[in-house]
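Here is what each chain is made of, one letter per residue.
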Amino acid sequence: MAEPMRIRAQFKEGETYVHVLMPHPMETGFRTDDAGRPIAAHYITDVEISIQERTVLSATLSRAVSQDPLLYFRFKGGRVDDTIRVVWTDSRGERRSDEAKILGLVS
Amino acid sequence: MCAWYAPRPDAPSPDAPSPGAPPETAGLGSDPAGRSPSYNRRDTLRLMAAAVAAAGLLRWPAARAAENDALAFGSGSLEGALSALGATLEPSPQIQLTVPDFVDNGSVVPVEVTSQISGPQTIFVLSEANPFPLVARFFVPEGTEPYVSTRIKVARSCNIYALVQADGRYYSAVKATTVTVGGCGNG
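For the record, the sequence lines run as chains U and B. Quick note, my numbering runs 52 ahead of the 1-based positions in the first sequence. Quick note, my numbering runs 327 ahead of the 1-based positions in the second sequence.
Worth flagging that the hints you see were computed from the coordinates, not collected in a lab. Note that the structure is a prediction, hence the values are computed from the model and not measured. The beta-carbon is built from N, C-alpha and C at its ideal position, and this holds for glycine as well. Treat the hints with care, as some may be off.
Stated by the list, open to error - Here are a few chain B residues that face chain U, going by a calculated C-beta distance under 8 angstroms:
| # | residue |
| --- | --- |
| 1 | Phe459 |
| 2 | Val462 |
| 3 | Arg496 |
To be verified - Covered by chain U, according to a simulated footprint, are these stretches of chain B (three or more residues, beta-carbon under 8 angstroms):
| # | region |
| --- | --- |
| 4 | 420-427 |
| 5 | 430-438 |
| 6 | 446-458 |
| 7 | 474-480 |
Model the full assembly from the supplied sequences, consistent with the hints where possible.
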């Protein structure tokens, strides 16, 4: 249902730099539609990022994270062509998992 | 005893149909223990109550953590969220928080937290004026840089806090931001 995530991981000088964009409405539940009816809350609650079974970052988000959450971080190690996997779960129990390969330096 | 539960003397007990037994043994006033070897509704309820009581006494750490989570994320005030986390604000030069001084749109505010503390740690981001101030939490394991960058919603001009928990201690940084259009509601 949810759109695929965009994941970019690049290995540079011993570290892997990761950008993740998770398309999601991140509805707070405080907004109303044009007719004045409240829009139900719907947001990502848990994110788990791992590389070859090693968790490199896990996060708990709230409704106050912007729409289409964006995450930048970096970790030591990782190898070019390793698979990085991102899994999120939202407040409705929906779940999405996407993968990407770690890229080398593009010179 | 609940009147609605008492078995009718003329009806066979659903738990223990004992064809050979005389009818009066299945009626009121008979010994309940001798009537049925299987669990009846009352036993089940009693067991459930015991299980609930036991769960209350010997709660799994994970369950307790989940409860604290709900408290911290569901708290309507900065103080409430901090007390649910068991945290205090200890400003530390080891934590750098980058938030723009001025933002036009409160629904997309870039926030970056860098910590100089080594080892595994947990990074929290809080926005003081939000309906629920605790915005996000990041578990940074060994081997991951204590650095995260994301975008958050900020209700109105207020202080943004970065809170880092490492080795049971808390470290924090604060930065005020001025928001032109709030990030809550329809704006």
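Now for the hints, and whether the structure bears them out:
no.: 1; hint: Phe459; result: 6 angstroms, holds
no.: 2; hint: Val462; result: 4 angstroms, holds
no.: 3; hint: Arg496; result: 20 angstroms, violated
no.: 4; hint: 420-427; result: violated (count 0)
no.: 5; hint: 430-438; result: holds (count 3)
no.: 6; hint: 446-458; result: holds (count 3)
no.: 7; hint: 474-480; result: holds (count 7)
Hint violations for this structure: numbers 3 and 4, all remaining hints satisfied.
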